[in-house]
Every structure is written in C-alpha cells, then in structure tokens.
Amino acid sequence: MTRQEIRQAIIDILADIAPDEDTASLKDDVSLRDQLGLDSMDFLDIVMELRKRYNVEVPSSDYPQLATMTSCLDYLSPKMA
Amino acid sequence: MPVHYDVLIIGAGMSGLGAGIRLAHYGRKVCILDRHYLWGGLNSFYRLKGYRFDVGLHAMTNFVPRGTRNAPLTKLLRQLRIDYDELDLRPQLMSATWFPGKRLRFSNDFALFESEVAEQFPAQADAFRRLVRHVMEYDALNLATPEFSAREVVAGFLTDPLLIEMLFCPLFFYGSAVENDMDFGQFVIMFKSIYCEGLARPTEGVRRVLRVLMEKYKGLGGELRMKSGVKRLSVAGTKVTEVVLDSGETLTADTVFSSAGYPETLELLSDYEPGSEGATHGQLSFVESIDVLTKEPRDLGYEFTIQFFSTTEKFHYQKPQELVDVRSGVICCPNNFRYDRPLDDNLMRVTSLANYDLWAALPPEEYHEAKTRWHRLVLDEVVRIVPDFRPFVKFTDIFTPTTVRKFTGHVNGAVYGSPVKFKTGRTHLDNLFLCGTDQGMLGIVGALLSGISMANMHVLQQA
Numbered sequence: 001m002t003r004q005e006i007r008q009a010i011i012d013i014l015a016d017i018a019p020d021e022d023t024a025s026l027k028d029d030v031s032l033r034d035q036l037g038l039d040s041m042d043f044l045d046i047v048m049e050l051r052k053r054y055n056v057e058v059p060s061s062d063y064p065q066l067a068t069m070t071s072c073l074d075y076l077s078p079k080m081a
Numbered sequence: 082m083p084v085h086y087d088v089l090i091i092g093a094g095m096s097g098l099g100a101g102i103r104l105a106h107y108g109r110k111v112c113i114l115d116r117h118y119l120w121g122g123l124n125s126f127y128r129l130k131g132y133r134f135d136v137g138l139h140a141m142t143n144f145v146p147r148g149t150r151n152a153p154l155t156k157l158l159r160q161l162r163i164d165y166d167e168l169d170l171r172p173q174l175m176s177a178t179w180f181p182g183k184r185l186r187f188s189n190d191f192a193l194f195e196s197e198v199a200e201q202f203p204a205q206a207d208a209f210r211r212l213v214r215h216v217m218e219y220d221a222l223n224l225a226t227p228e229f230s231a232r233e234v235v236a237g238f239l240t241d242p243l244l245i246e247m248l249f250c251p252l253f254f255y256g257s258a259v260e261n262d263m264d265f266g267q268f269v270i271m272f273k274s275i276y277c278e279g280l281a282r283p284t285e286g287v288r289r290v291l292r293v294l295m296e297k298y299k300g301l302g303g304e305l306r307m308k309s310g311v312k313r314l315s316v317a318g319t320k321v322t323e324v325v326l327d328s329g330e331t332l333t334a335d336t337v338f339s340s341a342g343y344p345e346t347l348e349l350l351s352d353y354e355p356g357s358e359g360a361t362h363g364q365l366s367f368v369e370s371i372d373v374l375t376k377e378p379r380d381l382g383y384e385f386t387i388q389f390f391s392t393t394e395k396f397h398y399q400k401p402q403e404l405v406d407v408r409s410g411v412i413c414c415p416n417n418f419r420y421d422r423p424l425d426d427n428l429m430r431v432t433s434l435a436n437y438d439l440w441a442a443l444p445p446e447e448y449h450e451a452k453t454r455w456h457r458l459v460l461d462e463v464v465r466i467v468p469d470f471r472p473f474v475k476f477t478d479i480f481t482p483t484t485v486r487k488f489t490g491h492v493n494g495a496v497y498g499s500p501v502k503f504k505t506g507r508t509h510l511d512n513l514f515l516c517g518t519d520q521g522m523l524g525i526v527g528a529l530l531s532g533i534s535m536a537n538m539h540v541l542q543q544a
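These protein sequences, in sequence, are chains A and B. Numbered per the working numbering, the first sequence spans residues 1 to 81. Numbered per the working numbering, the second sequence spans residues 82 to 544.
Among the clues, some could well be false.
Claimed, not checked - Subject to a maximum C-alpha distance of 30 Å in a straight line, what follows is the list of computed DSS-like cross-link-like pairs (lysine-lysine): (1) 487(B) - 308(B); (2) 52(A) - 79(A); (3) 79(A) - 320(B); (4) 27(A) - 156(B); (5) 110(B) - 183(B); (6) 130(B) - 52(A); (7) 130(B) - 110(B); (8) 110(B) - 400(B); (9) 52(A) - 183(B); (10) 183(B) - 487(B); (11) 487(B) - 52(A); (12) 299(B) - 183(B); (13) 110(B) - 273(B); (14) 156(B) - 130(B); (15) 475(B) - 487(B); (16) 320(B) - 130(B); (17) 130(B) - 308(B); (18) 312(B) - 52(A); (19) 297(B) - 308(B); (20) 400(B) - 299(B); (21) 52(A) - 475(B).
As the list claims (entries may be wrong) - Short derived list, chain B residues pointing at chain A, Cβ under 7 Å: (22) 126; (23) 128; (24) 131; (25) 150; (26) 159; (27) 537.
Said to hold, decoys possible - Here are the simulated distance ranges between beta carbons: (28) 261(B) - 64(A): 54 to 60 Å; (29) 60(A) - 453(B): 41 to 47 Å; (30) 330(B) - 53(A): 50 to 56 Å; (31) 394(B) - 53(A): 29 to 35 Å; (32) 384(B) - 40(A): 56 to 62 Å; (33) 65(A) - 333(B): 37 to 43 Å; (34) 306(B) - 64(A): 26 to 32 Å; (35) 148(B) - 65(A): 35 to 41 Å; (36) 22(A) - 162(B): 17 to 23 Å; (37) 71(A) - 148(B): 23 to 29 Å; (38) 53(A) - 441(B): 51 to 57 Å; (39) 335(B) - 40(A): 20 to 26 Å.
Hints listed in this document are in silico derivations from the structure and should not be mistaken for laboratory results. Every residue, glycine too, gets a C-beta built ideally from N, C-alpha and C.
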C-alpha cells in the first residue's frame, strides 16, 4: 500500500471507532489522542482493527508509535508495504 | 465431541452482551448461555395483561449529549460500534432526593444540583464544591486501587449529617451492594453518572437497549442459547475444562466468562467446597411495584422523573427487619422523560428495600396477600411525596426478592450482588473470569463497560 492508501486505511478505522469526531480534517502532526479524544481502549481498537483488516501486528511496546498520523505512517509503512 | 468455543459466556445480561459483542466483532467464536427464555438478566422486560413492563431499568444513568469526550456512554458506544441515536435516549425532566423538610432537585444540568445544595445547605456550599473537585480529579477506573469507605472520605468534607444522607441516598439505591456505605471508587463513578451526567430513557424502555445489543451481537455471528442453564463447570488443575448444561449437554471453551455472580459461579465448580467462598453473599434486595394509572402523572401535577426518599433523617440502607422497609425508597415515573410522543401506559414504579429471607419463608398462600398488604403500606408513605395517585390505579404488579432470585440467580435476591467485588475479574482459575455485577460495575452503562473491559483485558489483549 502507498503512504496515501495507508493514511486512508487509518482514517477509515478512526471513523469507525469515533464516528462523532471529525476524522476528515485530521492534522498529521497533532496527537490523535487530543484531536479525537481517544483513550487507551480506542488505541487497543486501532491495533485490533489493523490486525483484523490488514493482518498487521502491533506489539503493545510499539503503541507509542501510533501517537500521531505521521508517526503511524512512519511505523506502519514498512509493515503494510 | 462437544462443541468448542473460543469463549463461553454465562448470562445474557448487559455485561454478557457487551463482552459477546466485543469478542464476536474480533472474530471469536462465542456463545452466550442463559437459563431463562428472556434475555437482559437484571434488566429485562415482560408482558402482563397487555401491559409492557420493564424490570430493573428506571433510567439509564451516565446520559451525555452525543460525542461527549471521555464519558462512559461515549466509550461504550465506541467500543460496541453503536450509533448514539440507536438507543433513542430521552433525557429526564427533573429528579430529586426527598428527606423530611428538604428536597434537593437535580437534572441533567449539574448547575441545578449545585445551586440546590448551596441554597438549602449554605454553610456547606464551599465544602461541597471542594468535594466535587475531589470527585472530578479522582481516578476511579484504576483497577489496582483497594476499596475504602466513601463515608469516611465524604465526612472529611461535609459536616451536615442530613446533606450527607441525602447525597448518598440515590447512590446507594442505584448501586451499593454494601449496607450504609460504598467503596469510594464506586461513589465517584455513581456521583458522576447520576449528578454530573444524568438520566435518560429510551421511549421503549429497556427493550430498545436489549434489541440494539442483540441485533448487533447476532449480526456479528454471536450465538445465543436461551433456556440453557449451566449446571456445572468441570475443573481440572487450574482450568475450567467443560461447561455442563442443565440438559446434560457438554460444551468446551478456551475461556469462560461468568456474570452469574462470584459466589454463584464458585458453586458451579466441580471442585466446589461449601463455605469456601467466605461471607460474600449480598444482603440487599428490593420489592418493586408497578402501578398502571388511568391518568398521566403529569395531569395529576407530578413532574418529577425519579425521587429518592427517606422519611427519616437518618437513611437506613440495610436489610430490613421486616418484609419491607417503608421508610425509604425510589419513586420512578417512566412517563416523565422528554419523549416525542406520550407512552402507551401511565406508570408509577416504587422500589423499597426488602428482606429476602422473610419473603422466601412465606408460605405460598400468604405470599400474594403479603405483596398486597406491603404495597398498600409503601404507598401510604409515598403519597407524602407525590400526588395521591391511588384512586387512579387500574392495575398493579409487584415483584419481590424471591422474584429477583428466580430470574437473576443471585443468592438472596441480592440485586447488586456480593459486597466484595473483583475488579480485575480474575478468579483462582486461569481461564474463568467474572463480568457484570460482581466485577463491580453497576447500572446498564457500567455493566456493559464491565463486559467490554473484561473481554478486552482477558481475551483480546492476550492475543
């Protein structure tokens, strides 16, 4: 997947998890937690959905890599190439 | 070969459904077992003489507007992938706590409650604000925090005994398994859910909530087996190896969740030794009457949604010495929420503390008469607080602690389960976990979050 496709895949997941939040105009370098009001349960869901949809494993020690959209893309690009 | 599941869940109540939806969403082969023909557990529904009644639910606590961040309701909707509108939540009009000479009103706007306290207990206003700040800053969701007395904490802020009793009254009634006190963490959760957030009800009552959950669960491929009581959990070593149903059929599972209650679950284990569960049986049970009226309560001048009351200045939240304690209770008017259309029936529900042992010991021929007699005594007190609706009653149904026992399986008909809670859900067996009442989260929102968090912690995060 291209970086752009991965970005869309993440946005689709975020929109499913937090449908009342504005996922269309996300800023890539601002923490997802702050922008979307995500908590640890939501981050577990991002990881679970990545596994379910794309077979990507994110070990819990790597959760901090999911802090912003940019860090997600940097971290996931090699895994979802 | 017995049918094998990833997870078997005992009990099709809110917590079992919450856990089931999470597990099915992530592809687990899951089956919920329930002894009864109707799901919902403590929050169920029935039809009688053409009327539709709810059991359990007076109102859903934790009401917040759509999209409110960091609120339990938002969390559970996110986790279950349920849209806010699906639950059709209609906010309350206004509720109150009534004690002799005082009535503290509260609504879904916390400012009303704050101003009521400030007006009626002016000497306590500052202390109350400090208590509220402490409650807001306290992390009640840390499962590792040991339990400690909410009364002791509150006494460090407030000094007026009447205000203290009035503050605790709704919180006890809506979720304390302990007599005359509660864990401070539980106090914080309940305080926020009732006073800071608020109350709402779907137009169709608990049916709506259960239908949404059940459709979700089944749509994800979750299995449900009603009239399938669990007779025994076979134990070998540190694991549950088989789940044996009342019918004799045997199922197996990697993981078993039980919402049956802690002592009730232990009693299912094949290596159970009587007495080993210790003194953890809850004692608090209730009678509830549902009166169907010929007039809308609002036409009688009654505009409260829920009133919690005590006719004595000291509130006795404990197992009564008689069949029913008429000195206190909860009066719920399901008609008094902000609906688009009036409900089909006009209802007044009254809930009072009751003594399970005395109800259970009644000879069958006295049971019906006792219900009628105590209902009359309860209403004699209730009409001090609400307009006298007795001339307009056209039908009454009453349930007692023995009804609770029959439909929930809770020992002693203890609505809120064991006074000792198990926040991590862990038992002494590696693959048996508790969810629901005895995991310690109460109310509809709490129970759903209990199932969700136990599924996350013990299955989904382990993968």
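Taking the hints in turn, this is what the structure says about them:
1. Under the criterion of a C-alpha separation no larger than 30 Å, the hint pairing residue 487(B) with residue 308(B) is consistent with the structure, at around 13 Å.
2. For the proposed pair residue 52(A) and residue 79(A), the alpha carbon gap of about 14 Å is at most 30 Å, so the pair holds.
3. With a CA separation close to 37 Å, the supplied pair residue 79(A) and residue 320(B) exceeds the 30 Å bound.
4. Straight-line distance between C-alpha atoms of residue 27(A) and residue 156(B) comes to about 23 Å, which keeps the hinted pair within the 30 Å bound.
5. The suggested pairing of residue 110(B) with residue 183(B) is violated, with an alpha-carbon distance near 54 Å, which exceeds 30 Å.
6. Of the pairs offered as hints, the one joining residue 130(B) and residue 52(A) is violated, with about 48 Å between alpha carbons and a cut-off of 30 Å exceeded.
7. Our distance criterion of 30 Å between C-alpha atoms is broken by residue 130(B) and residue 110(B), whose separation comes to about 39 Å.
8. Between residue 110(B) and residue 400(B), the direct Cα distance comes to roughly 42 Å. Violation of the 30 Å bound is thereby established for this hinted pair.
9. A C-alpha spacing of about 56 Å is found between residue 52(A) and residue 183(B), which places the hinted pair above 30 Å, so the restraint is violated.
10. In summary, the hint linking residue 183(B) to residue 487(B) is not supported, as the alpha carbons are separated by about 38 Å, beyond the 30 Å threshold.
11. Of the pairs offered as hints, the one joining residue 487(B) and residue 52(A) is violated, with about 41 Å between alpha carbons and a cut-off of 30 Å exceeded.
12. For the hint pairing residue 299(B) with residue 183(B), the CA-to-CA distance comes to about 49 Å; that exceeds 30 Å, so the pair is violated.
13. The suggested pairing of residue 110(B) with residue 273(B) is violated, with an alpha-carbon distance near 36 Å, which exceeds 30 Å.
14. Of the pairs offered as hints, the one joining residue 156(B) and residue 130(B) is violated, with about 38 Å between alpha carbons and a cut-off of 30 Å exceeded.
15. Between the alpha carbons of residue 475(B) and residue 487(B) the distance comes to roughly 27 Å, so the proposed pair stays at or under 30 Å and holds.
16. Between residue 320(B) and residue 130(B) the alpha-carbon distance is near 47 Å, which puts this suggested pair outside the 30 Å criterion.
17. The straight-line distance between the Cα atoms of residue 130(B) and residue 308(B) is roughly 24 Å, inside the 30 Å bound, and the hint therefore holds.
18. Proximity of residue 312(B) to residue 52(A) is assessed by CA-CA distance (about 35 Å); at most 30 Å being required, the pair is judged violated.
19. About 21 Å separates the Cα atoms of residue 297(B) and residue 308(B), which keeps this hinted pair within 30 Å; it holds.
20. Between residue 400(B) and residue 299(B), the direct Cα distance comes to roughly 40 Å. Violation of the 30 Å bound is thereby established for this hinted pair.
21. Taking the CA atoms of residue 52(A) and residue 475(B), the gap is about 55 Å. The hint is violated against a cut of 30 Å.
22. Below 7 Å, beta-carbon pairs count as interface contacts, and residue 126(B) has none with chain A, the closest being about 28 Å; its hint is therefore violated.
23. Contact between residue 128(B) and chain A, as hinted, is not supported at the beta carbon level, the nearest pair being about 35 Å apart and thus beyond 7 Å.
24. With its C-beta approaching chain A no nearer than about 39 Å, residue 131(B) sits outside the 7 Å limit, and its interface hint is violated.
25. With a cut of 7 Å, the hint placing residue 150(B) at the interface with chain A holds, because the nearest CB-to-CB distance is about 3 Å.
26. Satisfaction of the interface hint for residue 159(B) is found here, the shortest Cβ-Cβ separation to chain A being roughly 6 Å, below the 7 Å cut-off.
27. Interface hint at residue 537(B): satisfied, since its Cβ lies 6 Å from the closest Cβ of chain A, which is below the 7 Å cut-off.
28. For the pair residue 261(B) and residue 64(A), the beta carbons lie near 45 Å from each other, so the given range of 54 to 60 Å is not met.
29. With their beta carbons about 59 Å apart, residue 60(A) and residue 453(B) fall outside the hinted range of 41 to 47 Å.
30. At roughly 36 Å, the beta carbons of residue 330(B) and residue 53(A) sit outside the given window of 50 to 56 Å.
31. Checked against the given bound of 29 to 35 Å, the beta carbons of residue 394(B) and residue 53(A), roughly 60 Å apart, lie outside it.
32. With their beta carbons about 41 Å apart, residue 384(B) and residue 40(A) fall outside the hinted range of 56 to 62 Å.
33. Taking 37 to 43 Å as the suggested C-beta distance range, the pair residue 65(A) and residue 333(B) conforms, at roughly 38 Å.
34. A hinted range of 26 to 32 Å is violated for the C-beta pair residue 306(B) and residue 64(A), which are about 42 Å apart.
35. Hint check: residue 148(B) to residue 65(A), Cβ distance near 27 Å, so the stated range 35 to 41 Å is violated.
36. Distance hint check: the CB atoms of residue 22(A) and residue 162(B) are about 18 Å apart, consistent with the given range 17 to 23 Å.
37. The given range of 23 to 29 Å is respected by residue 71(A) and residue 148(B), whose C-beta atoms sit roughly 25 Å from each other.
38. Evaluation of the 51 to 57 Å hint for residue 53(A) and residue 441(B) yields a pass: the beta carbon distance comes to about 53 Å.
39. Checked against the hint of 20 to 26 Å, the C-beta distance between residue 335(B) and residue 40(A) comes to roughly 24 Å, which is consistent with it.
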